[in-house]
Amino acid sequence: MSKKILVMGRVISPIVTFGLVLSIWYFISYVVMNANRRSVALPAPHDVLRQGFFTWAHNRGIQPILRAMLVTGRVAIVGLLIATILGLLIAIVMNFAKPLEWSLYPYAVIVQTLPILALVPIIKIWFGANLTSRTVACVLVAIFPIITNALFGLQSTDRSLHELFSLHKASKFTRLRKLEFPSALPAIFIGLRIAAGGSVIGAIVGDFFFRQGAIGIGRLIDNYQKEGRTTELFAAAIVSSLFGVAIFIGFGFLSKVAIKHWHDSATQVP
Amino acid sequence: MTNNPTNVLSLEHISKTFADGAAVINDLSLTVKRGEIVSIVGPSGCGKSTLLRIAAHLEPPTTGTCTVDAQGIGYVFQDPTLLPWRSVRANVALLAELQQLDSTMMQTRVDEAIALVGLQDHQDKYPRQLSGGMRMRVSLARSLVLRPHLFLLDEPFSALDEINRQRLNDELLNLFEQQQFGVLFVTHSVTEAVYLSSKIHVMSARPGVISRTIEIPFGYPREADLRFDPSFGQHALEVSHALRETES
Ligand SMILES: Nc1ncnc2c1ncn2[C@@H]1O[C@H](COP(=O)(O)OP(=O)(O)O)[C@@H](O)[C@H]1O
Ligand SMILES: [Mg+2]
Numbered sequence: 001m002s003k004k005i006l007v008m009g010r011v012i013s014p015i016v017t018f019g020l021v022l023s024i025w026y027f028i029s030y031v032v033m034n035a036n037r038r039s040v041a042l043p044a045p046h047d048v049l050r051q052g053f054f055t056w057a058h059n060r061g062i063q064p065i066l067r068a069m070l071v072t073g074r075v076a077i078v079g080l081l082i083a084t085i086l087g088l089l090i091a092i093v094m095n096f097a098k099p100l101e102w103s104l105y106p107y108a109v110i111v112q113t114l115p116i117l118a119l120v121p122i123i124k125i126w127f128g129a130n131l132t133s134r135t136v137a138c139v140l141v142a143i144f145p146i147i148t149n150a151l152f153g154l155q156s157t158d159r160s161l162h163e164l165f166s167l168h169k170a171s172k173f174t175r176l177r178k179l180e181f182p183s184a185l186p187a188i189f190i191g192l193r194i195a196a197g198g199s200v201i202g203a204i205v206g207d208f209f210f211r212q213g214a215i216g217i218g219r220l221i222d223n224y225q226k227e228g229r230t231t232e233l234f235a236a237a238i239v240s241s242l243f244g245v246a247i248f249i250g251f252g253f254l255s256k257v258a259i260k261h262w263h264d265s266a267t268q269v270p
Numbered sequence: 001m002t003n004n005p006t007n008v009l010s011l012e013h014i015s016k017t018f019a020d021g022a023a024v025i026n027d028l029s030l031t032v033k034r035g036e037i038v039s040i041v042g043p044s045g046c047g048k049s050t051l052l053r054i055a056a057h058l059e060p061p062t063t064g065t066c067t068v069d070a071q072g073i074g075y076v077f078q079d080p081t082l083l084p085w086r087s088v089r090a091n092v093a094l095l096a097e098l099q100q101l102d103s104t105m106m107q108t109r110v111d112e113a114i115a116l117v118g119l120q121d122h123q124d125k126y127p128r129q130l131s132g133g134m135r136m137r138v139s140l141a142r143s144l145v146l147r148p149h150l151f152l153l154d155e156p157f158s159a160l161d162e163i164n165r166q167r168l169n170d171e172l173l174n175l176f177e178q179q180q181f182g183v184l185f186v187t188h189s190v191t192e193a194v195y196l197s198s199k200i201h202v203m204s205a206r207p208g209v210i211s212r213t214i215e216i217p218f219g220y221p222r223e224a225d226l227r228f229d230p231s232f233g234q235h236a237l238e239v240s241h242a243l244r245e246t247e248s
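Chains as they are written, first to last, in the working numbering: chain A, 1 to 270; chain B, 1 to 248.
Hint data in this document are derived by calculation from the structure and do not stem from the laboratory. The structure presented is a predicted model; accordingly, all values stated were derived computationally and were not measured. Watch out, some of these pointers could steer you wrong.
Said to hold, decoys possible - Heads up, incomplete: computed chain A residues facing chain B, CB under 7 Å, no partners named: (1) LEU161; (2) GLU163; (3) LEU167; (4) HIS168; (5) ALA170; (6) SER171; (7) PRO182; (8) HIS261; (9) TRP262.
To be verified - Computed far set for chain B versus chain A, every beta-carbon distance over 12 Å: (10) THR67; (11) PRO84; (12) SER204.
In this text, a Cβ means the ideal position worked out from N, Cα and C, and glycines have one as well.
Please work from the sequences and hints to get the whole structure.
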């Protein structure tokens with residue numbers, strides 16, 4: 001009984017929040033703003049829905065938004081994939097021997113602390129203003145959380161288990177495959193989730209700055225703002241955040257499947 | 001077999017000083033034969049785990065020699081140290097995998113070890129679904145698969161309640177009587193030590209030396225009721241006194 005109430009609370013509470021936000025939105029667009037200002041700054045929710053989502057035309061409404069989202073989404077996912085593979089490899093190399101960690105880690109930190117905007121001109125010079133550059137931006141944003149979380153996971157393997165493997169003369173590779181990597185999985189998935197969020201942001205930022213090739217959602221948002229198409233601007237922003245949420249949930253689900261048998265985090269609601 | 005004269009483990013004049021300068025063990029010698037359970041009791045921090053780690057070659061002694069004459073060592077830690085992502089069966093198979101045992105042999109050995117600790121009905125469960133006693137059984141079964149001649153047990157049952165502890169004591173004795181391996185057993189519990197051992201070394205701290213050795217004359221197999229025998233109490237008392245002297 002009390003569990004049922006709890007579950008209902010978890011479902012109902014966010015709905016209440018949603019209703020509240022909508023009311024405030026309506027209040028500001030209709031009570032605080034006049035009609036002119038409203039159409040430029042904060043169109044009412046139903047106008048966003050009607051013009052942004054339920055209009056189906058080649059260059060208006062949801063169609064160009066979805067097309068742009070597809071472009072950006074693809075960049076984000078490819079970038080994340082590359083960052084994951086590279087990041088895991090780098091973490092494994094660092095975990096292999098302390099001197100390797102000491103020589104690589106500072107540079108991983110530098111990559112993280114360099115603001116992506118400062119790198120944009122360099123990326124542009126090296127790779128041009130195309131999709132490759134957008135992907136590179138994603139990788140740069142996404143790789144650090146993967147390296148740090150994977151390295152943390154690999155290094156926090158239980159000491160007694162290591163000794164058990166030493167006792168039976170396990171090779172470094174066996175140790176990695178049968179002990180360190182599986183025990184790092186929960187941490188790796190945490191890193192992946194953070195990286196996925198970063199990768200989406202990286203792709204959108206990339207859209208703004210590398211303007212050659214297919215239009216991504218970042219550039220579309222920029223265009224709509226310049227053209228004063230506020231309802232569609234809102235719709236595009238909502239779609240891009242929904243994409244981020246979908247990726248977040250997707251990775252949550254993936255991590256649950258991968259570690260469901262054994263890790264406590266798998267049995268908790270994320 | 002019981003009178004097999006060869007030592008599976010001999011520690012001779014072992015001393016250990018850690019890099020930070022802490023002298024933990026000082027000139028300690030002991031031997032373990034097959035068919036013998038030798039216990040070490042002593043205050044915590046006196047170097048019991050360090051001694052086992054030296055015996056297993058996980059840690060080099062500063063001076064002295066450690067000779068192991070056994071095919072394989074079964075090392076059981078205080079915690080079950082299972083791989084949480086592996087089922088009971090896969091956990092029991094781990095060491096056989098590491099030693100690259102032939103796979104049909106591995107399957108029969110795993111079956112046998114699981115049966116020996118009575119976990120047939122729980123093979124496909126994961127460690128988090130098991131009680132503490134069952135996890136310890138898995139840990140025991142894992143080390144049994146390689147049929148080692150020497151067991152190093154570091155307070156393996158200390159996290160268990162009294163009932164489970166006594167049950168696992170009896171299971172260990174059963175296995176011991178069947179397989180006649182040699183055991184070096186570290187424990188906090190005086191009754192456990194007397195119940196299992198053929199010989200008890202009482203260790204004192206700083207420096208870690210054997211302050212007293214007590215022979216336990218009861219033969220094997222041993223019955224659970226031995227714990228209530230007056231002469232059992234006599235030996236337990238002797239060990240307790242020796243243990244108290246190490247603290248004064
Ligand atoms: N790697 C190490 N470096 C320095 N000191 C250690 C190390 N391992 C153990 N010690 C010290 O050695 C002493 C004995 O430890 P241990 O063998 O674990 O004792 P016990 O198992 O009898 O409780 C303790 O004081 C501990 O702090
Ligand atoms: Mg200890």
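Each hint tested on the structure:
1. Given the 7 Å rule on beta carbons, the hint for LEU161(A) holds: about 5 Å separates it from the nearest Cβ of chain B.
2. At about 5 Å, the closest approach between the beta carbon of GLU163(A) and any beta carbon in chain B falls short of 7 Å, and the interface hint on this residue holds.
3. The interface hint given for LEU167(A) is met, as the beta carbon of that residue sits about 6 Å from the closest beta carbon of chain B, less than 7 Å.
4. For HIS168(A), the interface hint holds, the least distance from its beta-carbon to any beta-carbon of chain B being 4 Å, beneath 7 Å.
5. Taken as an interface hint, ALA170(A) checks out: its beta carbon lies about 5 Å from the nearest beta carbon of chain B, inside 7 Å.
6. Because the closest C-beta pair between SER171(A) and chain B is about 9 Å apart, greater than 7 Å, the hint is violated.
7. Interface hint at PRO182(A): satisfied, since its Cβ lies 5 Å from the closest Cβ of chain B, which is below the 7 Å cut-off.
8. Look at HIS261(A): its Cβ gets to within about 5 Å of chain B, closer than 7 Å, so that hint holds up.
9. For the restraint placing TRP262(A) at the interface with chain B, the shortest Cβ-Cβ distance is roughly 4 Å, inside the 7 Å limit, so the hint holds.
10. Annotated as non-interface, THR67(B) keeps its C-beta farther than 12 Å from every C-beta of chain A; the closest such distance is 17 Å.
11. The claim that PRO84(B) is not at the interface with chain A is violated, since a C-beta of that chain comes within 12 Å of its own (minimum 4 Å).
12. Consistency note on SER204(B): stated as away from chain A, and its beta-carbon is indeed over 12 Å from all of that chain's, at 26 Å minimum.
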